[in-house]
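*Asks:* Here is what each chain is made of, one letter per residue.
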Amino acid sequence: MALSRGERVFIGAFVALNVVVPFVAKDLYPFSVFPMFSKRSETLSRVEVFGPDGAQLSSDVFETLELDVFVAEPKVGFLITSLDPGDRALAESEVQAHVKRVFREREIDLPFVDAEQTLTTIGSHGGVVTTRVRWRVTNDG
Amino acid sequence: MGERIPARPGLVALRVTLVVAGYYALVSGMHDCGPRLHYLSVLGLSGIEPCVVPRIGFSLLQVLFALAAVLWALQKAVPYSAWAATGLFVLIESLRQETSHYSDHQPYTVTMVLVLLCAWYQIERRAIRIAASERRLAEALVLPRWVPALAIFYLALTYTLSGVDKLVHSGPSWADGTALRMWLVHSGAAERSTLGGWIAASPRVAFLLQTTTLAVETLALLATRTRITSVLLGVTLIGMHLATWHLFSVHFFGNMVLCAVFLVWYPLRRPRA
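Those protein sequence lines, which keep their order, are chains A and L. One point on numbering: in numbering that gives the first Met the number 0, the residue at position 88 of the first sequence is 87, and numbering is uninterrupted. One point on numbering: in numbering that gives the first Met the number 0, the residue at position 242 of the second sequence is 241, and numbering is uninterrupted.
Note that these hints are calculated values from the structure, not bench results. Mixed in with the good hints, there may be bad ones.
What the hints assert, rightly or not - Some chain L residues judged to face chain A by a derived CB distance under 10 Å, without partners named: (1) 92; (2) 104; (3) 128; (4) 145; (5) 152; (6) 164; (7) 170; (8) 175; (9) 199; (10) 202; (11) 237; (12) 240; (13) 245; (14) 248.
Since this is a predicted model, take the numbers as computed values, not measurements. Glycine included, each C-beta is placed from N, C-alpha and C at the ideal position.
Please put together the full structure from these sequences, using the hints given.
*Replies:* This is the structure we're talking about:
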C-alpha cells in the first residue's frame, strides 16, 4: 500500500529536520547531535566558587559553568563566557578579573570568595593525576 | 511502509511513551529564574523570556499536560488530545531547558517520538473519527508500518549523530581510552565506584569500552536493518545507559525505555513483511 501525500510530507520533514538542524545548530531542543562527552581533551578542568562559610556558590551566578563536557564548542545558545577554560590552567589574573566583575555586575554582598580550579591530566607515568589550585578574591565594592 | 497492521503494538508504544513523558514533564519543575544565560530551545530563539511564565502558570501547564496525556492514552478526544499532550510537553520542556544551566538531553528523544505518534493520529484522523463514532476505536485503529519504522530510524539516528560528532571533534583517537579514564577520575566515579576505579586504572579496558561505544553509536543506523541486529543494538544501548547511570549518575531513563520498546520489543513481535 502506497504512502499518502500527508504521510510522505510528514516523513520527509521529520527526517530532514532531524538530520539538518542538529548539524546546523548542534544543540537546540528538541534537535541535537547529542554532543555530551564528544571532546577528547588532554586536560579536564572544573572551577568552583566557595563563600566565606565554605559553602559552594552558584555556578550560574559566578559564570563557572562546565560547558565543555556537555556541549563542546556550542554553536548556538550560550550568552555567557564561562570562567572554566575547559582544558587548561587558569592564571590568577583571569580569576581575579572575572570574579571582581561578577561582584560588581551582580551586586554581590560578600566580603570575599574562594575560587578553586580542579585539573585532571595524564601524568608522565601514564596514570590520571588531579591537582587543585585555590585563589581568594576580595570584594572591593 | 504504507502497509497498515493492527494497532495494538502502536498503542502499547504510545502508552509507554506517555508514561515516560509524564515522568519528565511532571517530576521536575521549572528552574530558578536568574540572569538569562542562554537560549537552548526553539522557544528561546523566538525571543520569549521563559520567566514571563510564573510558577503557578508552569504548574497549570503540567496539569493540562497530564489531562491531555490521560485522554490520549484512553483514546478519548483524539487527535485533539494528542496535539494538546505533544504541544504542552514541548512547551514544558522548552521552559525547563531555557531556565536550566545546560542542555538537559534526556527528554529530547521522548519529544520526537511523541511528535511522531501525534502525526500518526493526525494522519489517521478520519478513520479514527468514524471508528470512534461507532465505538470500536480500539479494534478499528490501524498502525501504518512507517510509524514504528520511523521511530526506530530516529532512535538509531540520534546515536549515529552522537558517534559522528565524537569523530568530528576528536577523531578516532576519542576511542583510545584516555578520555574515559580521565572522566572517571574527574567526576569522582573512580573513587565512588569499584567498577569506575577498575576501569580508570585499566587503560586496556577503557580502550575496549570506548572503542565499543564509538563503533556501536556510529553504526547504529546500519544495525536497524535486521531484527537480530536491531535487538542486539537495543540491548547494547540499554547496557551502555545503565553503565553511564552507575558511573556518572547520568540516567537516560527515557532512552532506555524507548530502546526497549522500539529496538527490542517491537522487532521481536512485529509480523514479518
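*Asks:* Work down the list of hints and note, for each, if the structure agrees.
*Replies:* Hint-by-hint comparison with the structure:
For residue 92 of chain L, the interface hint holds, the least distance from its beta-carbon to any beta-carbon of chain A being 6 Å, beneath 10 Å. Interface hint at residue 104 of chain L: satisfied, since its Cβ lies 6 Å from the closest Cβ of chain A, which is below the 10 Å cut-off. The beta carbon of residue 128 of chain L comes no nearer than 15 Å to any beta carbon in chain A, farther than 10 Å, and the hint placing it at the interface is violated. Given hint, residue 145 of chain L at the interface with chain A, holds; its Cβ is 6 Å from that chain's nearest Cβ, closer than 10 Å.
A hinted interface residue such as residue 152 of chain L counts as satisfied when its beta carbon comes closer than 10 Å to some beta carbon of chain A; here the least separation is about 7 Å, so the hint holds. With 10 Å as the threshold, the beta carbon of residue 164 of chain L comes within range of chain A, its nearest partner Cβ sitting at about 4 Å, so the hint holds. Interface hint status for residue 170 of chain L: upheld, as the beta-carbon distance to the closest one in chain A is roughly 8 Å, under 10 Å. The closest approach between the C-beta of residue 175 of chain L and any C-beta of chain A is roughly 8 Å, which is under the 10 Å cut-off, so the hint is satisfied.
Of the supplied interface hints, the one on residue 199 of chain L holds, with its beta-carbon coming within about 6 Å of a beta-carbon of chain A, less than 10 Å. For residue 202 of chain L, the interface hint holds, the least distance from its beta-carbon to any beta-carbon of chain A being 7 Å, beneath 10 Å. With 10 Å as the threshold, the beta carbon of residue 237 of chain L stays out of range of chain A, its nearest partner Cβ sitting at about 16 Å, so the hint is violated. With 10 Å as the threshold, the beta carbon of residue 240 of chain L stays out of range of chain A, its nearest partner Cβ sitting at about 12 Å, so the hint is violated.
Interface hint at residue 245 of chain L: violated, since its Cβ lies 15 Å from the closest Cβ of chain A, which is beyond the 10 Å cut-off. The criterion of a C-beta within 10 Å of any C-beta in chain A is not met by residue 248 of chain L, whose closest approach is roughly 13 Å, and the hint is violated.
Going down the numbered hints, you'll see the structure goes against 3, 11, 12, 13, 14, while the others check out.
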